[in-house]
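A.B. asks: Chains as they are written, first to last, in our numbering: chain A, 1 to 343; chain B, 1 to 343; chain C, 1 to 605; chain D, 1 to 605.
It should be emphasised that the hints constitute simulated quantities derived from the structure, not laboratory data. Incorrect hints may appear among the rest.
The calculated DSSO-like cross-link candidates involving lysine-lysine, where the alpha carbons are at most 27 Å apart (straight line), are [claimed, not checked]:
no.	chain 1	residue 1	chain 2	residue 2
1	A	21	A	139
2	C	423	C	482
3	C	482	C	468
4	A	139	C	468
5	A	333	C	423
6	D	551	C	551
7	B	154	A	307
8	D	111	D	89
9	D	412	D	378
10	D	111	D	131
11	B	19	D	378
12	D	172	C	79
13	C	378	C	551
14	B	154	C	175
15	C	134	A	327
16	B	333	D	172
17	D	79	D	175
18	D	502	D	468
19	C	175	C	134
20	A	327	C	468
21	C	79	B	154
22	A	153	D	172
23	C	425	C	412
24	A	268	A	139
25	C	258	C	172
26	C	264	A	327
27	D	79	B	333
Reference listing, derived: stretches of chain B covered by chain C, where coverage requires no fewer than 3 residues with Cβ under 8 Å from a Cβ of chain C [as the list claims (entries may be wrong)]:
no.	region
28	22-28
29	77-85
30	106-118
31	139-152
Label-pair restraints from in silico Cβ distances [to be verified]:
no.	chain 1	residue 1	chain 2	residue 2	range
32	C	195	D	448	52 to 58 Å
33	C	525	D	525	53 to 59 Å
34	A	291	D	261	52 to 58 Å
Beta carbons are placed, not taken as given, at the ideal position from N, Cα and C, and that holds for glycine.
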Amino acid sequence: MAEKTVKLNEIGLSKEDYKGKQTTLCLGCGHNAIVGQIISACYELNIPPERLIKVSGIGCSSKAPTYFMNRAFGFNGLHGRMPSLATGALFGDTSLIGIGVSGDGDTASIGMGQFKHVTRRNLPFLYIVANNGVYGLTKGQFSATAEQGLALKKQGQNRYVPVDIVWEAIAGRASFVARTFSGDPQQLKALIKAGIHHRGIAVIDVISPCVTFNNQDDSFHSYAWGKSHEVALHELSFVPPVRAIKVQYEKGEALEVPLYDGTHIILKKLAHDYEPTDRANALQMLEEANDRNELITGLIYINPKQKSLFDLYDLPDTPLNRLPNEKLRPDPKSLEEINNLMF
Amino acid sequence: MAEKTVKLNEIGLSKEDYKGKQTTLCLGCGHNAIVGQIISACYELNIPPERLIKVSGIGCSSKAPTYFMNRAFGFNGLHGRMPSLATGALFGDTSLIGIGVSGDGDTASIGMGQFKHVTRRNLPFLYIVANNGVYGLTKGQFSATAEQGLALKKQGQNRYVPVDIVWEAIAGRASFVARTFSGDPQQLKALIKAGIHHRGIAVIDVISPCVTFNNQDDSFHSYAWGKSHEVALHELSFVPPVRAIKVQYEKGEALEVPLYDGTHIILKKLAHDYEPTDRANALQMLEEANDRNELITGLIYINPKQKSLFDLYDLPDTPLNRLPNEKLRPDPKSLEEINNLMF
Amino acid sequence: MAKTQLKLQTQKVVNEFSINIATINGSGSQTANLTLIRSIFKMGIPVSGKNIFPSNIQGLPTWYKIRVSQAGYLGRSQKTEIAVAMNPKTFGDDLTDLVSGGIFLYADHIKEPIHREDLILCPMPVKSIVKEAKPPRELRDYVANMVYVGVLAFLLKVQLETIESALDFHFKGKKGPIDFNLSVIHDSFHWAENNLEIVSPFQVQPLNLTEGFNLANGNTAGGLGTIYGGMHFVSWYPITPATSLPEAILEFAPGLRKDPETGKDTYAIIQAEDELAAIGMVVGAGWAGLRAMTATSGPGLSLMSEYASLAYFVEIPVVIWVIQRVGPSTGLPTRTAQGDVNQTYYLGQGDTRHVVLIPGTVKECFEFGWKALDLAEKLQTPIFVLSDLDLGLNQWMTPPFEYPDEPIDRGKILWEEDLEKIKDKWGRYLDLDGDNIPYRTVPGNQHPRSAYYARGTGHDDFANYSEKPEEWEENLDRINRKIESSRAILPKPEITTRSGAKSGVIAFGSTDSAVREACDSLQDEGLTLDYLRVRALPVAAEVLDFIREYKRIYVVENNRDGQMHSILSLELPDSAPDLVSVSHIDGMPLSADWIKAAVMEEEKS
Amino acid sequence: MAKTQLKLQTQKVVNEFSINIATINGSGSQTANLTLIRSIFKMGIPVSGKNIFPSNIQGLPTWYKIRVSQAGYLGRSQKTEIAVAMNPKTFGDDLTDLVSGGIFLYADHIKEPIHREDLILCPMPVKSIVKEAKPPRELRDYVANMVYVGVLAFLLKVQLETIESALDFHFKGKKGPIDFNLSVIHDSFHWAENNLEIVSPFQVQPLNLTEGFNLANGNTAGGLGTIYGGMHFVSWYPITPATSLPEAILEFAPGLRKDPETGKDTYAIIQAEDELAAIGMVVGAGWAGLRAMTATSGPGLSLMSEYASLAYFVEIPVVIWVIQRVGPSTGLPTRTAQGDVNQTYYLGQGDTRHVVLIPGTVKECFEFGWKALDLAEKLQTPIFVLSDLDLGLNQWMTPPFEYPDEPIDRGKILWEEDLEKIKDKWGRYLDLDGDNIPYRTVPGNQHPRSAYYARGTGHDDFANYSEKPEEWEENLDRINRKIESSRAILPKPEITTRSGAKSGVIAFGSTDSAVREACDSLQDEGLTLDYLRVRALPVAAEVLDFIREYKRIYVVENNRDGQMHSILSLELPDSAPDLVSVSHIDGMPLSADWIKAAVMEEEKS
Ligand SMILES: Cc1ncc(C[n+]2csc(CCOP(=O)(O)OP(=O)(O)O)c2C)c(N)n1
Ligand SMILES: Cc1ncc(C[n+]2csc(CCOP(=O)(O)OP(=O)(O)O)c2C)c(N)n1
Ligand code: SF4
Ligand code: SF4
Ligand SMILES: [Mg+2]
Ligand SMILES: [Mg+2]
């Protein structure tokens, strides 16, 4: 009996049900790892694919949504303008889960403006930046996150200081900001789960090497550099609703961050004794790590209490896109009154 | 003899020579104060008007350049896109001084992307944001810097958390970041002078009340609020080249910041004992001030050493726009070689 | 002074003249001007008011041009019979603009030279009257404007009770301001009564021609039409002269669009960070099954190009109002034009051609407001509604807004149960009905076969990525046929015929009343013209028939290059030579006089 | 197998056939393909190569289509005589596309069914040959492609020494790679020699028709032309297929544009954060007296609309290269089209109409590269150079680039001493010479009267803000006259006449060779056509004369709506009915066969 052999999650779906089209990204592209962890995370979180929408801008990274969850609605929008697309789309049915995959060019170069404004509005949305320091799809020009001095074929040396997406997200008042690495699948998956359950914008800056154009061992966005310089802030795990636990602060213990829906993020402390709840402190920590030439990964800032965009509106429980016509058009009497309001 | 009565600066120009057209801004508009201090600063710095270019985007604030220095070239560009215009223009003659006046809408709403990228490139440019929390020229809608909960005619209540221009400038790696207040002309003038002499981008976020649309006493961008909540970080003055002085750090003393051209900024310490040289620390300070509900003003961050955009190029001393034609077109021989390079 | 006056007595002109009121913006003359035009309107006399204002908030010259016309000509008149000069800066020009025999009212504290002998001069002791009234400091300038209201009331014989009801309306019945302003108006009226020896040749006499009409502007109407069209989602970025349209929605939606059951909002409005985001949001919303709209003007329209091209190609319903102002570039932000016809029609890269509705009256702004939302979802494509500053911001006489005569049309949306029925035949871009309009599903649909992946890149009938030449071409041709098919369902042109007309006029939008006036007076000159007003692009068959019918057709428009003339020329190459472009742009609404002169010029050649 | 072959012997075809090489992108077939086409070129035989690639970096189907034609027909051919199938995914299609009697080469490890009987089949033992060669791991796939080079060399009789020189060029003389690849090619050649019983009916024979020609692509030429045009400033944002133009500048400028005296760069290049910034930077630079250029494609062009409208109105010289790809929207980013003619010509809100140069050959890309910079400063307006993917990225036979035959023209710039001369008469927008082109000053000018305030809003002749109707209209009309006057100085059309032609063809850009080929074969069908290639907009008088001359003119273009056809129809309403649009778009370069068929179809009707 075939069924037996297929593992199913609590809603009776197999991993297959979470897959998308065959990837057309390069062999070994960091973005493939992100796709894989999104699939696992959603499978393990028992998310019905139809309850999720996936969006992106333009770039190799922005192709990622094609490769997971065929049964979810998706929109591959315009370069740098995924945030506005996602904002409008989620108003259609605010109960849906929104996942976006963007690139460093898509977010930090052309997309900077929309990125900052979507974080500011705290749209409930998982915003993944597949950050490789280059424009992959246009064949290897510097993106805004490329480190100063980086040398690439045809492009010479990068003149400018890089944009730090985590700094920008925090300055932009994102309520959930993390950094991780395609080479650290466990942490990546845990962060994706937490991000999905966070009510508000969850920005995950994933260092995701471009093996074709920017994977030189000494380049900041390469596998080699990541592997040898990654320092995890904590051992991170996501737990579905459990008995409420008081957050404790003694050293060595785990820090538990409760999310709005009763789920928790558990941060088991490692080398650093770090609490991701203070914006300025987070940046301080990053500066120091920079000086130590470390690639800090983990949950860098979170504020589960910040009102999400939809908390700021007074929308009905029925999704707007399912409201019956009679609820959309005021009655004739009201128009008479309006006409009387005119002079 | 009339001459006698006219005061002249060291290059023999009178204040008149630094004036522009008659202002058409509202009576009492904070932007007028900015115009006034730009005029005074440039007069006192003995800047030949022809050595300066003034640019802006669109907005009441962006009209400001019309009202100072008729003898300087100016360009009133597109909404939110002053930075790109300024970048291209200054390449024409990198020895010119560039001053830009933008608004909070022009910079923090539509202009966010270009603002972040011009700070990152560290263009030698004085970037003044006349920040009033509203769109003045379009008659009083919320701008991205309007505080959450602010109520305005026709607009209802502002839902979103504000963009903090100083936070953004620092996150964006601007090398000179200040905040001041139209109601504090002395500090404003000193900062303008320092900004002009800083080799790199100098962002000054000037709280500049819109008396017509957003000057309610309890509104963050009003005169009343500013006057009652301003806390100066230091007493700031700008001094032309003097005998080199070692920077001293004992309390109570003045902190001297030397700029690339031998001029100095002197920061006489006040209540706070603050050094504007650490990005994360600056943000920490701002957070605390926020909690105390203070309007912190002064020089918040500076890094005089950061390479400016033009330091990253290898341009001739002759301005590009004055290069003789023969320097622009390679000789015929070279083209033969090129043709031979083709298959 | 009196003597000069008497010599000037021209014979009485009733209900046919224009008043030009010159003030300084930010000085609060708006209330005075509205009071004046409303009082005249209340007297049953057709009247229109046009605000000629600067791109600035306070201190620059502003004019308010009131046209009184019992003949019902409410377009801009080039002539001014009465001038009110409150602004020293423009005193000279205001003086020269007056017709000979006109009345020149001015605040007597303005000490500018007056050279003309052929006018009825009327200095007004504004300051002293205001002083008498003892207004609170901050109200002083503002009240000063009531003085000319009073003086004009006396000269033109405007009924004081209509003035009262105008103020009552303006101040929503608040007794304080009503009485105070009224008293100033009375004082001024009596001053005039007691001190003016002049008799105005221009007067108003009560009629009943405004019964069943309101005074309103197109942007308010458009906003209301959008609300009654069942809009779900509005994203916008402020820009003159479009701003007041979304602001009308902000004002009226809360009262009209709360779900009585739940008390919740049945819509959402978001002010975007710019137009790139505004269009991105409405496209996202339209994709997600929301009736979404945005409004902008030329500069913002440029920023919307790329997403418009995507929406056309991905087939997403959105409504985009374009309130035209003078371009190119930032141009004259507070002046009117019809210069974005081309850009709107072809907006975006590649072979795009959009559906454009063109209201010509305030009533149509309301009507197209709701129709656009239906058409967008029916055709699954962006619908542009092309208006302009003159129609959008100025005061027009209009019949009451009519309740939609058709139910809301959501177009071909498939929900779970629908998908069950059509089984696996469905594909997002599969033309099941042979009408070039495929069926669509929207996010939230829980059917396992409902999802598809939208993209601006090439795709097959099932929305799969495709670079196949034939698939690209078939798809793009189908979209073109879809747009072509809209000709049959878009608003038909409005045609006015006269017996014996050999030539015709084609116009569109806000120039309607000026064109009608021009046609009348050309008739007097012996040139009979039939008139067609285009109300949508691509044009209906009726437009083509009309063009074929005449040996010569004047295409009148308020732009430099004759953009509509070009569009029509391409529709019928054989008739192209018969189409004569009559266009110009200087920031002012076209006047009947200009149109007439231009046409007669062409007739000569 | 041999038997089938012999039965198929068709008679010999020399130097007139096409090879379609199907591989997987990222597998390094580019080197093999270039080697092949260069060797044939070296043999003196006209040849062209077109890369049909996906919008993706690795793993998807790619085709390289080589056309050998001693007749010099180098546009895309619809027929394929020889197919090389290295990609299992497209094996079937590649098989069906072959003409009957064609040769089908394929890697013998691909085990796909082969149904056709009418082909010469040639399985190649790719793996074993590669194995023999013992390449380093990472080079394996890459080397595999050399196998078909060797086998084709044998079948077509390509000279091994020309292959050697092709490799020598490719690897810039580096012995290692040259020898290694050569050895694989030899091995394959000998394998074929010893194992193939088939004789190819298609062969190459040495000629001397490529002497004095190079192989190059349009983007490299455009970049070099820009460098020789004295460009000061480039700002750009990557986008296919424009990217390689700025990248050519990045590659060549350092060697060509260092000031020998100071050793400094006489130019600056900056990669902007997006196209909004790229255009903003070049506009700022153009204003500041720099010869500035940017390059983009459809989506980026949309983002440049607003600043383009400003540059037109403020009269700022900039050069904008538009390398067209398939739209609307993101469309087919790696496929060619001519669908942005309209958007480019009218880019921006309001009444804008731009000057557009349209190169049709690689040589013209170089020429227009420098000319555009002169014209921009001469006319003080944006100059667009409209190319496309086919011309920009593919390999074309071209005569060497010609050194500019005119000195650099900076247009009417006034420096300190110039201002001294003309005293106070100067105003930025004052038309001193009556040629509609005012004089300009640029920042850095130290003359106290040099400064002016540039703005996208209304202004008078002295650049002061103005909302005056007449000043607005006069200024905008002057700008229009300026653009009109450019007709006389822009590149003239290229006209090819044949005796007895009653009809004509008009085309532009990359379709040139396909159109010429079509004209020849239409001639054989008895239809004689004169041919005009438009090289600039607005069009020259010669274009209008040409149109007037024939009772029927076909306008051939690679887009859906016949955009050039529209533009020409508007130029001459009386001739509009004579203009027949022949257009389509599917991502492929137009072929002579398609053009011929389409024209003959029209002739029937
Ligand atoms: C408006 C616009 N400009 C330029 C492009 C070309 N383009 C496509 S993807 C891309 C950059 C992608 O870089 P990134 O976002 O880092 O994604 P990656 O490919 O590196 O994963 C660019 C510039 C485009 N599609 N649209
Ligand atoms: C592309 C574009 N969109 C919208 C506008 C309309 N507009 C003009 S000024 C302005 C806002 C100005 O606000 P701010 O920058 O804060 O300047 P302020 O007037 O408050 O000083 C807007 C939205 C425009 N000119 N261009
Ligand atoms: S080019 Fe780089 S980013 Fe794109 S798919 Fe390949 S590895 Fe990934
Ligand atoms: S509206 Fe506001 S910002 Fe504009 S000029 Fe007046 S006070 Fe200043
Ligand atoms: Mg990238
Ligand atoms: Mg503001």
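A.B. asks: If a hint holds in the structure, say so; if it doesn't, say that too.
C.D. replies: Okay, the hints, checked on the actual structure:
no.	hint	result
1	A:21 x A:139	23 Å, holds
2	C:423 x C:482	25 Å, holds
3	C:482 x C:468	21 Å, holds
4	A:139 x C:468	23 Å, holds
5	A:333 x C:423	43 Å, violated
6	D:551 x C:551	23 Å, holds
7	B:154 x A:307	24 Å, holds
8	D:111 x D:89	11 Å, holds
9	D:412 x D:378	7 Å, holds
10	D:111 x D:131	19 Å, holds
11	B:19 x D:378	33 Å, violated
12	D:172 x C:79	79 Å, violated
13	C:378 x C:551	37 Å, violated
14	B:154 x C:175	23 Å, holds
15	C:134 x A:327	52 Å, violated
16	B:333 x D:172	21 Å, holds
17	D:79 x D:175	38 Å, violated
18	D:502 x D:468	52 Å, violated
19	C:175 x C:134	17 Å, holds
20	A:327 x C:468	44 Å, violated
21	C:79 x B:154	36 Å, violated
22	A:153 x D:172	17 Å, holds
23	C:425 x C:412	15 Å, holds
24	A:268 x A:139	40 Å, violated
25	C:258 x C:172	24 Å, holds
26	C:264 x A:327	11 Å, holds
27	D:79 x B:333	42 Å, violated
28	22-28	holds (count 4)
29	77-85	holds (count 3)
30	106-118	holds (count 3)
31	139-152	holds (count 4)
32	C:195 x D:448: 52 to 58 Å	54 Å, holds
33	C:525 x D:525: 53 to 59 Å	57 Å, holds
34	A:291 x D:261: 52 to 58 Å	43 Å, violated
The structure fails hints 5, 11, 12, 13, 15, 17, 18, 20, 21, 24, 27 and 34 (numbered hints given earlier, in ascending order).
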